[in-house]
Amino acid sequence: MNDGEAGQTGIKADSAHSQLIAISLSPASPLGPRAFFSSSAALPGGALSLRRLPQAASFYVRTSLDVASCEGHKGHKRLPAWRRTQWLSARMAEHNVRTVLDQDRQSCTGDSAVVLHAHLIMAASVGPAADPGYVSVETRPGGIAIVTVAKEPVNSMDLDMWMRLDQAIAGLEADPSITAVIIVSGLKKDVFSAGNDLMELYAPKTTSERYARFWVAQNAFLVRLHRSRLVTVAAIRGACPAGGCAISLCSDFRIMTPEGSMGLNEVQLGIPVPKFWGLLMGRVMGPKAAEDILLTGRMVLADEAKRVGLVDAVVPAEQLLAVALATAVQACKQPAAARAATKLLLREDFCTAWEAYFPTEPSFGWRFLSSPSTIAVLEGAMRRLSSKGGQKKPQQPAASKL
Amino acid sequence: MNDGEAGQTGIKADSAHSQLIAISLSPASPLGPRAFFSSSAALPGGALSLRRLPQAASFYVRTSLDVASCEGHKGHKRLPAWRRTQWLSARMAEHNVRTVLDQDRQSCTGDSAVVLHAHLIMAASVGPAADPGYVSVETRPGGIAIVTVAKEPVNSMDLDMWMRLDQAIAGLEADPSITAVIIVSGLKKDVFSAGNDLMELYAPKTTSERYARFWVAQNAFLVRLHRSRLVTVAAIRGACPAGGCAISLCSDFRIMTPEGSMGLNEVQLGIPVPKFWGLLMGRVMGPKAAEDILLTGRMVLADEAKRVGLVDAVVPAEQLLAVALATAVQACKQPAAARAATKLLLREDFCTAWEAYFPTEPSFGWRFLSSPSTIAVLEGAMRRLSSKGGQKKPQQPAASKL
Amino acid sequence: MNDGEAGQTGIKADSAHSQLIAISLSPASPLGPRAFFSSSAALPGGALSLRRLPQAASFYVRTSLDVASCEGHKGHKRLPAWRRTQWLSARMAEHNVRTVLDQDRQSCTGDSAVVLHAHLIMAASVGPAADPGYVSVETRPGGIAIVTVAKEPVNSMDLDMWMRLDQAIAGLEADPSITAVIIVSGLKKDVFSAGNDLMELYAPKTTSERYARFWVAQNAFLVRLHRSRLVTVAAIRGACPAGGCAISLCSDFRIMTPEGSMGLNEVQLGIPVPKFWGLLMGRVMGPKAAEDILLTGRMVLADEAKRVGLVDAVVPAEQLLAVALATAVQACKQPAAARAATKLLLREDFCTAWEAYFPTEPSFGWRFLSSPSTIAVLEGAMRRLSSKGGQKKPQQPAASKL
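Chains as they are written, first to last, in this note's numbering: chain A, 1 to 402; chain B, 1 to 402; chain C, 1 to 402.
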């Protein structure tokens with residue numbers, strides 16, 4: 001799916017009376033096509049299906065439907081235009097788009113002309129990136145892949161990184177020979193990731209629109225990871241705050257080094273913990289214990305993390321990858337399709353609710369990011385990071401990036 | 001509710017303008033009437049009520065409504081036929097059916113003729129079975145009943161067994177002198193149950209339609225057990241995989257012998273763990289700990305089961321029934337109606353979601369059962385079981401029936 | 001918001017074609033305006049917004065909409081009147097009321113005249129109470145408030161007390177200098193609260209309508225407490241059954257004295273545990289462990305309460321307030337807005353579901369309260385309490401008030 005293929009990618013209505021919806025996809029980054037489109041078609045009761053999109057492509061579409069008119073057989077009735085907006089994960093594209101239209105048809109049956117407006121928020125290619133850069137993928141015997149993230153000095157997570165991660169996992173999911181993935185830091189320092197790049201959150205240097213794209217990109221990746229068909233292991237060497245913690249919580253297993261620390265420390269920077277990140281921690285260690293940690297923004301050290309169930313094991317750094325690999329091998333011993341289906345069944349309600357929350361968060365979060373107090377806190381944090389040359393001390397989570 | 005009574009059982013509309021819906025119930029098995037029916041009536045805005053059905057009867061109805069026409073006072077308008085399907089637990093029959101129609105009326109108000117098609121999936125009689133067979137009921141002083149299941153050699157669960165269990169519990173619920181029930185294995189071997197009969201899952205020997213009935217029958221029983229007004233105790237002697245584990249998880253208390261083992265080991269046979277069985281285990285021991293066990297299909301031995309909260313107590317086999325009885329007596333000391341209502345309130349959302357999932361699972365599950373790889377795994381399991389003369393070793397869950 | 005201001009408080013439609021809905025609020029108690037109103041307006045597709053209501057006012061509105069007529073452009077169609085009822089928390093008033101009407105418009109589009117009937121169940125003033133009485137508020141340096149409840153002999157909770165508590169917390173929430181609140185008993189005896197006043201539950205001395213108001217008042221307070229922007233600490237000296245336990249469970253932290261005991265012991269009086277009180281206990285200690293306690297109505301003593309996570313700390317009575325203050329100070333160290341937003345995000349789904357349950361419970365609960373067996377149990381409890389001069393022994397929860 002590159003620029004040249006984009007013309008063949010499309011949404012097509014399968015009703016006999018429907019018109020083809022032309023979709024123009026244009027690449028939004030060197031990583032591959034990430035496109036915005038807007039299309040419409042008259043669909044007299046037909047169902048849409050997304051065709052010719054790569055199986056593993058991840059994209060989120062905001063749709064709205066206008067019922068332009070509704071004329072009865074013997075009389076006439078004009079419904080005022082109404083619209084309904086929903087974001088879909090089109091990972092299971094045909095199914096989901098059908099669902100939406102089925103629901104809509106309940107309200108707009110008849111001969112009404114239904115005009116669909118679809119707005120694609122994000123799509124990630126499954127092909128190899130033009131420049132894989134700091135996110136590298138290595139495969140080991142037995143179908144286990146290792147994704148190494150090495151963006152010096154602290155793996156700060158910007159829009160580009162979240163999209164590279166999404167592309168890496170999507171690529172592995174599309175490869176039938178792969179059954180497990182281990183995510184590991186390739187940094188010189190003992191840091192899994194320092195969390196989101198503050199420049200994505202610092203209002204004077206970004207926009208609410210950029211923030212919305214950033215927010216969807218990171219959470220789209222996290223949802224993908226959480227319901228991945230792959231066995232997923234986070235191998236955590238060192239500090240793992242905020243966004244790094246979210247990646248870990250979305251994985252099936254978490255292995256940490258003794259020097260490690262983990263937490264969603266957003267509150268310390270004056271930013272709310274993303275709702276579903278907090279709920280995810282509650283699923284791992286119970287809602288009350290999670291709240292106690294989340295509301296103070298406290299980082300949990302390795303020993304406590306093991307005791308409260310936040311990590312599965314604590315092992316020395318030199319054994320980290322070996323234990324992660326052994327964990328993956330052990331987890332892969334049973335029939336893969338049944339295991340993946342069971343995992344999906346157990347997590348699907350949570351992930352569906354998370355995706356339904358996508359359109360809500362950006363405006364809510366931006367209210368905090370654009371407030372003078374949050375801007376001041378972020379400026380303080382950036383000054384401290386700058387004076388340390390971008391370093392980050394694991395035990396001082398107040399200075400963490402998010 | 002036998003064949004003779006079936007003519008009196010019916011769905012009747014309580015609107016003055018409504019027509020009586022005649023329902024013909026015909027017995028589907030020697031255990032009592034299990035009927036399929038299809039009926040319709042013009043219901044101009046009226047509400048349905050299910051009448052003359054035994055209080056404890058358990059049945060699931062798939063309904064669909066057709067709005068055949070809708071004519072206004074001064075004009076005319078014809079809505080195209082639409083349908084909506086919902087499965088109901090008619091345990092609280094009047095309430096639920098009203099609800100469905102109330103919702104429907106929001107969409108089909110007016111003078112439209114609403115045609116109801118109802119399709120009864122399963123109904124269990126509350127009377128004594130013509131042949132109680134291997135599921136026997138004994139009552140003890142203090143209103144405690146013991147349901148013994150003894151279908152040699154391993155209590156393999158087929159459609160017949162799930163319906164007998166449903167009938168047994170329904171009968172006890174309908175008897176006001178009964179306040180608690182203990183479910184126990186009467187097998188010669190140390191086996192609570194080896195789980196579902198593989199013949200119900202082996203695609204070449206069943207059909208997708210039979211599987212759907214089987215699936216609804218087992219889960220209808222499990223939901224009934226989970227929200228029963230009775231105090232429920234599973235007394236588990238020996239191996240308790242899959243379906244037997246589901247019965248235990250739906251009970252209020254689980255008492256196990258030291259030789260016992262418990263788990264939902266479906267993944268080992270290449271079949272997904274039924275969604276709500278897995279969620280149920282998560283409610284007992286936390287979602288993360290449950291996932292770790294479920295995704296590997298691991299059986300948990302007695303000591304660990306006690307430690308992680310999967311069972312309430314581990315006691316020698318010779319004390320099993322005495323401890324189960326004492327547990328039931330203790331739990332029955334408080335006012336029964338308040339206790340049952342509290343239990344129902346705490347579990348109703350879960351059970352309602354579970355029932356709403358009934359129509360979804362069979363087609364999803366059948367995709368796995370009819371796949372060549374699952375068929376091959378089941379054939380291997382059946383060969384191993386056959387070579388052992390139907391025996392089952394608790395410590396070898398890979399050979400378990402489901 | 002007093003009697004004089006009530007005339008300015010109103011619901012106003014923001015559509016150009018809408019009529020102003022006049023709302024007459026009249027004070028219902030010396031504590032401030034608690035009003036019932038009924039209003040209507042023709043709203044051709046407009047959205048309502050609640051204006052000029054104090055930010056912190058808590059009120060619950062039961063609304064119903066009548067579609068009186070629906071006339072099309074070229075034809076005519078008359079929809080029969082239908083109604084839909086929903087309770088709203090108007091804390092985020094504008095948002096919620098819009099939502100309701102948006103949903104309604106889906107069903108009643110067109111030129112129909114939509115008649116809104118709104119019935120305000122409870123509104124609490126944010127100003128100082130005319131007579132604060134036995135609920136006193138004291139503020140400490142650092143923005144920490146202490147709410148002391150001292151209604152001798154056992155802080156029995158009647159409608160008046162729940163409304164005073166709601167008013168006290170609402171007042172603190174409206175004061176930007178306050179960041180935390182500690183709730184403590186000022187009784188002579190070691191009792192946090194003996195729970196609801198039996199006279200509110202004893203059917204011969206109350207009415208179903210009074211009970212409905214009582215039920216909404218207490219749960220409206222509890223929901224407010226649970227999602228309060230304030231850090232909340234329950235400092236529990238002595239017995240803490242039922243309603244007192246509910247207050248504790250809604251708080252962020254629970255500190256208890258060694259003589260303390262806690263539980264939702266409703267079942268012992270023949271009354272179901274309120275659904276969301278029970279679910280709340282499940283969130284703190286897990287659903288299975290909570291059910292075991294709830295279904296027997298057992299009171300948990302301090303040591304066990306600490307062990308199972310029902311309380312955060314057990315400290316001698318002379319240190320109780322100091323530890324509660326230290327807990328509040330510690331919890332307040334991080335940015336308040338981010339902490340409050342995170343807390344709200346984590347609890348909002350639970351609180352929203354709880355509020356949606358408000359209209360359901362009163363008729364359900366009244367069925368129990370008006371049954372001869374519950375009346376007899378309550379009469380026995382009142383006789384025992386009367387013979388002890390209103391005393392309550394913590395270890396005898398069967399004699400507890402609710």
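Hints are supplied without guarantee of correctness; some may be wrong.
One copy or two, either will do: identical chains are not told apart, so a pair holds if it fits within one copy or between any two.
As the list claims (entries may be wrong) - Cut-off 30 Å, straight-line C-alpha distance, at most; resulting in silico cross-link-like pairs (DSS-like, lysine-lysine):
| hint | residue 1 | residue 2 |
| --- | --- | --- |
| 1 | K306 | K205 |
| 2 | K288 | K333 |
| 3 | K333 | K205 |
| 4 | K333 | K188 |
| 5 | K151 | K333 |
Because the hints were derived from the structure by calculation, they are not lab data.
Structure-based check of each hint:
1. K306 with K205: Answer is neither; intra-copy 38 Å and inter-copy 48 Å both fail.
2. K288 with K333: Between copies, since 19 Å is at most 30 Å while 34 Å is not.
3. K333 with K205: between (48 Å within a copy, 28 Å between copies)
4. K333 with K188: Classified as neither: same-chain Cα gap 33 Å, cross-chain 33 Å, threshold 30 Å.
5. K151 with K333: neither (33 Å within a copy, 33 Å between copies)
When held up to the earlier numbered hints, the structure conflicts with 1, 4 and 5 and fits the remainder.
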